[in-house]
Every structure is written in structure tokens, then in C-alpha cells.
Amino acid sequence: MEENPYAPSQVSPIIHTTSQGDVVISPAALAATISTQFWVKCVGILMLISIVFQLFDAFTENNVSSSNLSGPGLGGAEGLFVILSLTLVLFYIMLAIRLLQYGKAISALAISRNPHDFETAMTLQTKFWKLASILTIIILVLLIFIWFSLAASYY
Amino acid sequence: MNNPYQTITPSVYPSNSQELVATQTAVNELAKCKGWVRFISVLCFILFGIFILGFIGILTMVSRMGGSSGLMLIVYLVFLVVTFFLALRLTGYANAIGRLVHSRNPIDLETAMIQQLKFWRLYGIVMIASILIKIFTLMTN
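Protein chains in written order, with the numbering used here: chain A, 46 to 200; chain B, 2 to 142.
One should not assume that every hint holds.
Unchecked claim - Pair by pair, the computed Cβ-Cβ distance ranges are: (1) B/His103 / A/Thr105: 46 to 56 angstroms; (2) B/Ile75 / A/Val134: 28 to 38 angstroms; (3) A/Leu187 / B/His103: 29 to 39 angstroms; (4) B/Ala32 / A/Phe104: 37 to 47 angstroms; (5) A/Asp102 / B/Ile47: 17 to 27 angstroms; (6) B/Gly71 / A/Gly124: 28 to 38 angstroms; (7) A/Ser194 / B/Arg100: 38 to 48 angstroms; (8) B/Asn142 / A/His161: 49 to 59 angstroms; (9) B/His103 / A/Ser194: 40 to 50 angstroms; (10) A/Met139 / B/Thr61: 20 to 30 angstroms; (11) A/Ile142 / B/Ile132: 10 to 20 angstroms; (12) B/His103 / A/Glu123: 44 to 54 angstroms.
Unchecked claim - In the PhoX-like style, the derived pairs of lysine-lysine whose C-alpha atoms are separated by at most 25 angstroms in a straight line are: (13) A/Lys172 / B/Lys119; (14) B/Lys33 / B/Lys119; (15) A/Lys175 / B/Lys135; (16) A/Lys149 / B/Lys135; (17) B/Lys33 / A/Lys149; (18) B/Lys135 / A/Lys86; (19) A/Lys149 / A/Lys175; (20) B/Lys33 / A/Lys172; (21) A/Lys175 / B/Lys119; (22) A/Lys86 / A/Lys175; (23) B/Lys33 / A/Lys175; (24) A/Lys172 / A/Lys149; (25) A/Lys172 / B/Lys135; (26) A/Lys172 / A/Lys86; (27) A/Lys149 / A/Lys86.
These aren't lab readings, by the way, just hints derived from the structure by calculation. By construction, the Cβ of each residue, glycine as well, lies at the ideal position given by its N, Cα and C atoms.
Required output: the full structure, derived from the provided sequences and hints.
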């Protein structure tokens, strides 16, 4: 029987998928994902380091403002900024943990080259961006609240 | 018999059963991520707009005060450029994910991963620089 020159295995589709919905991860895509690992972990660790600086700043501002401030309303401002600083510290910790989890998932992918590990990495990444967006909204609302509080106390 | 219509499979996309794939679940997660990434990128562009207004203010100050505000001008310019490129990278990432979801093309996944890498690399460099500046400021004070 003559060989069928149009057998499916000889046709190279533009979209390379193995099963329905799966997408082949090219070596370049995999290399980029693995390279991201270092920077993601770096940012996560730097976030934790910057928490120390933020606590230092909050403490220093608290000491300065309590010794220099006078007049009504300004003591409330000091309290609001301390609350904001502590809130930022908490948010940074949460984001740093998510980032380090993402970095760890990429490490696992780099070793195993398992589709499940890529799935885990993408899930953790989505969680990070969702958390970052929600925390950003909370910070913006807090800042608007602080701004209005300061304006109200000043007038 | 040689097949005259046989296409050449690019070596970058191996057709064997051992290839690594992004499963439907992974692609769905990326699709969910797109909205959040785009939200942050829009905020970055808004921040960029605010920095532009601040830059105009600083320029006005510099024209009145002279050299001592020059450093502030440079710092602001750096903030402007960095914020713009961070927003650009995130937008590129979100756009690539959008294309991937529709096309399921490995090239789009590649583009998305490269844009993500570029974002984290830039953000990492900015954070390292910020921490170093902070340490320098604390030591000089």
C-alpha cells in the first residue's frame, strides 16, 4: 500500500498543541520563565529588607513629631501616618511571601520541567497580582482618607 | 516516496511527546492574571502622568531657584523614565497574555514570559538602587 504523504504526523500546524487547550512551551519561553526566578526572589527579599527601613522611618517620624508638634489636629496626623506605615509594612510582608512562593515554584519547574509545576507557578503569579491590586486599592483609599482627615482637621 | 508537501518542523518546537506544555489550567490562570496586571499598569501610567505634572512644577522651581533644584530635576526624570518603562512592560505582558488566550500560539507565550522577565529585572534593579540610596542616606545622616 502506498504511503500516504498527507498523514497528519507530517503536517506541521502553526499552533503546536498536544491536547485540547495545551500550548507548547518553547525553550525561549521556558528560559525566560526560569530567568525570572532570580529577580522575583530578589524583589521578595528586598521587600523584606525595605520593611526594616519603613519601620525605622515610622519610628523616627513618630519621635520627631511627638517632640516638635504643637497645635490641634496634628497629633491625629501623626497617628494616621503611623497607621499607614504599619499597614504598608503588613502589605509588604504579604506581597514578599507571595513572590518568594512564586520564585520557589519556578525553581521547582526549572528542575522538574513538569507541566504541573508550570501550572502551580502561574497560579501563584495570578495570586500575587490579585493581592497586589487589592492592596494597592486599599492603600489608595487610605491615602484619600488621610488626605481628607488632614484637610478637615486643618480647617 | 518523498512527500513534496512536507513542511519542516522548526527545531524550536519539538513534536515529540516529551515536550513541556502549558496546560489549559495554566493558560486559564494567565488569563485571570491579565486583568490584574492591566490594572496595575494603568495605575503606573496614572502615576507617570502625576510625575509629569510634578516635573513641570519642578521645572518652574528650577527656573526661579537655579542650580540647587537641578538634582531634584534629575531624580524626577529618573522616576519618570522608570515608571514609564515599568508600566510599558506590564502592558506588554497583559497584551501578550490576551493574544495567547485567543491564539494559543507558543510565540505569544514566549512574548509574555519575556515581558514578565523584563518587568521583574527592571523592578529588581530599581529596588536594589533604592535600598542602596537609603543605606547611603542613613550613613551620611
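How the hints compare with the structure:
Checked against the hint of 46 to 56 angstroms, the pair B/His103 and A/Thr105 passes, with Cβ atoms roughly 52 angstroms apart. About 30 angstroms separates the C-beta atoms of B/Ile75 and A/Val134, a value consistent with the hinted range of 28 to 38 angstroms. About 38 angstroms separates the C-beta atoms of A/Leu187 and B/His103, a value consistent with the hinted range of 29 to 39 angstroms. The given range of 37 to 47 angstroms is respected by B/Ala32 and A/Phe104, whose C-beta atoms sit roughly 43 angstroms from each other.
Range check, A/Asp102 to B/Ile47: Cβ separation about 25 angstroms, and the 17 to 27 angstroms hint holds. A hinted range of 28 to 38 angstroms holds for the C-beta pair B/Gly71 and A/Gly124, which are about 37 angstroms apart. For A/Ser194 and B/Arg100, the Cβ-Cβ distance of about 45 angstroms falls inside the hinted range of 38 to 48 angstroms, so the restraint holds. Between B/Asn142 and A/His161 the Cβ separation comes to about 50 angstroms, which falls inside the hinted range of 49 to 59 angstroms.
Here the CB-CB span from B/His103 to A/Ser194 is close to 46 angstroms, well matched to the stated 40 to 50 angstroms. A/Met139 and B/Thr61 have their C-beta atoms about 40 angstroms apart, which leaves the hinted 20 to 30 angstroms range violated. The given range of 10 to 20 angstroms is respected by A/Ile142 and B/Ile132, whose C-beta atoms sit roughly 19 angstroms from each other. A beta carbon spacing of about 52 angstroms between B/His103 and A/Glu123 agrees with the range 44 to 54 angstroms that was offered as a hint.
Annotation: proposed proximity of A/Lys172 to B/Lys119 holds, straight-line Cα distance about 20 angstroms (limit 25 angstroms). As the CA atoms of B/Lys33 and B/Lys119 are separated by approximately 21 angstroms, the hinted pair is consistent with the 25 angstroms bound. Proximity of A/Lys175 to B/Lys135 is assessed by CA-CA distance (about 29 angstroms); at most 25 angstroms being required, the pair is judged violated. At roughly 28 angstroms between alpha-carbon atoms, A/Lys149 and B/Lys135 are farther apart than 25 angstroms, so this suggested pair is violated.
Pair hint B/Lys33 plus A/Lys149 holds up; C-alpha atoms about 21 angstroms apart against a cutoff of 25 angstroms. Note on B/Lys135 and A/Lys86: the hinted pairing holds, with a Cα-Cα distance of about 20 angstroms set against a maximum of 25 angstroms. As the CA atoms of A/Lys149 and A/Lys175 are separated by approximately 19 angstroms, the hinted pair is consistent with the 25 angstroms bound. Taking the CA atoms of B/Lys33 and A/Lys172, the gap is near 9 angstroms; set against the 25 angstroms cutoff, the hint holds.
Proposed proximity of A/Lys175 and B/Lys119 is supported: the alpha carbons are some 20 angstroms apart, at most 25 angstroms. The hinted pair formed by A/Lys86 and A/Lys175 meets the criterion: a straight-line CA distance of about 18 angstroms does not exceed 25 angstroms. The hinted pair formed by B/Lys33 and A/Lys175 meets the criterion: a straight-line CA distance of about 9 angstroms does not exceed 25 angstroms. Under the criterion of a C-alpha separation no larger than 25 angstroms, the hint pairing A/Lys172 with A/Lys149 is consistent with the structure, at around 14 angstroms.
Using a Cα cut-off of 25 angstroms, the hinted pair A/Lys172 and B/Lys135 is violated, with the two alpha carbons roughly 30 angstroms apart. Proposed proximity of A/Lys172 and A/Lys86 is supported: the alpha carbons are some 16 angstroms apart, at most 25 angstroms. Taking the CA atoms of A/Lys149 and A/Lys86, the gap is about 8 angstroms. The hint holds against a cut of 25 angstroms.
Violation of the numbered hints given earlier is confined to hints 10, 15, 16, 25; the remaining hints are satisfied by the structure.
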